[in-house]
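Enquirer: Below are the chains, spelled out letter by letter.
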Amino acid sequence: MAHDHHEHGLSPSGHPYRSDNDGPLTYWQRMEIAVRELLIEKGQLTPAEITAQIDAMDARSPANGATVVARAWTDPAFKSRLLENAAEASREMGFDIGPLHLIAVENTQDVHNLIVCTLCSCYPRNLLGLPPDWYKTRAYRSRAVIEPRKLLREFGVDLPASVTVRVHDSTADMRYIVLPARPEGTKHMSEADLAALVTRDSMIGTGLPRRP
Amino acid sequence: MTDTTGRRWHDMGGQEAGPVPMEGHDFALWEKRVDALMVLCSGKGHFTVDGLRRALEDMGEDAFEKHSYYERWIAAINQNLVEAGIYTLEELGMRMDEIARRGESYAEAQDD
Numbered sequence: 001m002a003h004d005h006h007e008h009g010l011s012p013s014g015h016p017y018r019s020d021n022d023g024p025l026t027y028w029q030r031m032e033i034a035v036r037e038l039l040i041e042k043g044q045l046t047p048a049e050i051t052a053q054i055d056a057m058d059a060r061s062p063a064n065g066a067t068v069v070a071r072a073w074t075d076p077a078f079k080s081r082l083l084e085n086a087a088e089a090s091r092e093m094g095f096d097i098g099p100l101h102l103i104a105v106e107n108t109q110d111v112h113n114l115i116v117c118t119l120c121s122c123y124p125r126n127l128l129g130l131p132p133d134w135y136k137t138r139a140y141r142s143r144a145v146i147e148p149r150k151l152l153r154e155f156g157v158d159l160p161a162s163v164t165v166r167v168h169d170s171t172a173d174m175r176y177i178v179l180p181a182r183p184e185g186t187k188h189m190s191e192a193d194l195a196a197l198v199t200r201d202s203m204i205g206t207g208l209p210r211r212p
Numbered sequence: 213m214t215d216t217t218g219r220r221w222h223d224m225g226g227q228e229a230g231p232v233p234m235e236g237h238d239f240a241l242w243e244k245r246v247d248a249l250m251v252l253c254s255g256k257g258h259f260t261v262d263g264l265r266r267a268l269e270d271m272g273e274d275a276f277e278k279h280s281y282y283e284r285w286i287a288a289i290n291q292n293l294v295e296a297g298i299y300t301l302e303e304l305g306m307r308m309d310e311i312a313r314r315g316e317s318y319a320e321a322q323d324d
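Protein chains in written order, with my numbering: chain A, 1 to 212; chain B, 213 to 324.
Since the hints were derived computationally from the structure, they do not count as laboratory data.
It cannot be assumed that every hint is accurate.
Unchecked claim - Below are the DSSO-like pairs computed for lysine-lysine, each with C-alpha atoms no more than 30 Å apart in a straight line:
no. : chain 1 : residue 1 : chain 2 : residue 2
1   : B       : LYS244    : A       : LYS42
2   : A       : LYS150    : B       : LYS244
3   : B       : LYS278    : B       : LYS244
As the list claims (entries may be wrong) - Now the in silico label distances, taken between C-beta atoms and shown as ranges:
no. : chain 1 : residue 1 : chain 2 : residue 2 : range
4   : A       : PRO76     : B       : GLY255    : 51 to 59 Å
5   : A       : VAL163    : B       : PRO233    : 44 to 52 Å
6   : B       : THR260    : A       : ALA77     : 32 to 40 Å
7   : A       : ALA77     : B       : LEU241    : 50 to 58 Å
8   : B       : GLU295    : A       : LYS187    : 55 to 63 Å
9   : B       : GLY315    : A       : ARG211    : 49 to 57 Å
10  : A       : GLY23     : B       : ASP323    : 18 to 26 Å
11  : A       : GLY23     : B       : VAL294    : 23 to 31 Å
12  : B       : GLY297    : A       : ALA77     : 32 to 40 Å
13  : B       : ARG219    : A       : VAL163    : 43 to 51 Å
14  : A       : LYS187    : B       : LEU241    : 23 to 31 Å
15  : A       : ALA52     : B       : LEU301    : 54 to 62 Å
16  : A       : ASP96     : B       : LEU301    : 29 to 37 Å
17  : A       : ARG211    : B       : ASP323    : 49 to 57 Å
Owing to the predicted nature of the structure, the values given are computational and were not obtained by experimental measurement.
Ideal placement from N, C-alpha and C gives every residue a C-beta, glycine not left out.
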């Protein structure tokens with residue numbers, strides 16, 4: 001998708017607006033409208049259900065995952081439940097995880113985990129929101145499993161050779177989330193302040209938490 | 213579709229590729245609606261995630277290169293709904309033609 005369009009400004013999140021927000025009606029947009037209208041007319045869906053689902057998805061962001069991580073950093077019993085069954089532990093905090101299996105993989109001094117979906121775009125969307133565009137690209141999907149260290153360097157994560165890199169390939173039924181290592185010098189920080197250190201990329205494994 | 217290693221086009225893991233393109237975009241309303249239709253229709257049992265993936269994977273590599281993510285998703289949703297008998301292809305075609313006559317932008321093409 002070309003991003004060389006003219007005078008368009010940036011959205012509140014700093015991304016260029018995609019041309020299909022304001023361009024001529026496309027074939028695929030017509031298909032979306034038609035499918036939605038037919039589903040509503042046939043009594044399969046209501047407009048309110050669709051709006052509520054969009055609102056629910058919009059409300060999901062990496063901040064949700066960050067609160068789970070911060071809890072795991074401060075509550076050892078919760079952390080062991082999270083590593084045992086991440087879906088159950090996240091539900092405990094009130095997050096709707098849906099029917100999928102969710103596995104948390106822990107980064108330590110010696111191990112760095114990275115998640116990918118080589119076949120498609122599976123992502124812990126219920127905890128992190130929709131995946132970034134790069135997660136769905138051919139380049140990321142291809143290279144994550146063959147040259148993860150080189151890929152990580154492109155994301156600004158340069159790991160010492162002594163650190164083992166583990167790459168987890170997600171499936172439609174099984175999603176992963178990385179539990180990043182708690183940064184040094186955060187001993188006296190509150191759970192809420194810790195959560196602010198947890199970035200989206202640190203839970204994908206393409207980044208590290210912020211330093212305090 | 214299947215190369216000499218026996219893998220299909222969507223099985224991309226381990227292949228050579230260039231730098232990861234880092235630019236992102238904010239999802240447009242129509243894309244969010246496609247996502248919502250996927251979640252709601254699969255929740256109601258009209259199709260499974262495997263049914264969606266089958267449709268996506270059968271589109272082939274050409275569709276992956278030419279069409280955006282949610283363009284491919286609405287095509288896969290539509291195919292599964294037609295197969296499930298929710299509506300017919302003819303109904304879809306007639307409705308898409310009618311929508312084209314409503315206006316030239318996505319907003320104008322809404323029925324309200």
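Enquirer: Give a verdict on every hint.
Expert: Evaluation of the provided hints:
1. Straight-line distance between C-alpha atoms of B/LYS244 and A/LYS42 comes to about 21 Å, which keeps the hinted pair within the 30 Å bound.
2. As the CA atoms of A/LYS150 and B/LYS244 are separated by approximately 33 Å, the hinted pair breaks the 30 Å bound.
3. For the hint linking B/LYS278 to B/LYS244, the alpha-carbon distance of about 20 Å falls within 30 Å, and the restraint holds.
4. A C-beta distance of roughly 36 Å is found between A/PRO76 and B/GLY255, which places it outside the suggested range of 51 to 59 Å.
5. Look at A/VAL163 against B/PRO233: about 27 Å separates their beta carbons, and that is not inside 44 to 52 Å.
6. Range check, B/THR260 to A/ALA77: about 36 Å between beta-carbon atoms, so the 32 to 40 Å window is met.
7. At roughly 43 Å, the beta-carbon separation of A/ALA77 and B/LEU241 lies outside the given 50 to 58 Å, and the hint is violated.
8. As the Cβ distance of B/GLU295 to A/LYS187 is approximately 57 Å, the hint placing it in 55 to 63 Å holds.
9. For the pair B/GLY315 and A/ARG211, the beta carbons lie near 52 Å from each other, so the given range of 49 to 57 Å is met.
10. Judged by the Cβ atoms, the range 18 to 26 Å given for A/GLY23 and B/ASP323 holds: they are separated by roughly 20 Å.
11. For the pair A/GLY23 and B/VAL294, the beta carbons lie near 27 Å from each other, so the given range of 23 to 31 Å is met.
12. Separated by about 50 Å at the C-beta atoms, B/GLY297 and A/ALA77 break the suggested range of 32 to 40 Å.
13. In this structure the hint that B/ARG219 and A/VAL163 lie 43 to 51 Å apart at CB is violated, the actual value being about 30 Å.
14. Taken as a hint, the range 23 to 31 Å is violated for the pair A/LYS187 and B/LEU241, whose Cβ atoms sit roughly 45 Å apart.
15. Judged by the Cβ atoms, the range 54 to 62 Å given for A/ALA52 and B/LEU301 is violated: they are separated by roughly 29 Å.
16. Between A/ASP96 and B/LEU301 the Cβ separation comes to about 35 Å, which falls inside the hinted range of 29 to 37 Å.
17. Distance hint check: the CB atoms of A/ARG211 and B/ASP323 are about 52 Å apart, consistent with the given range 49 to 57 Å.
Hints 2, 4, 5, 7, 12, 13, 14, 15 from the list above are not met by this structure, while the remaining hints are.
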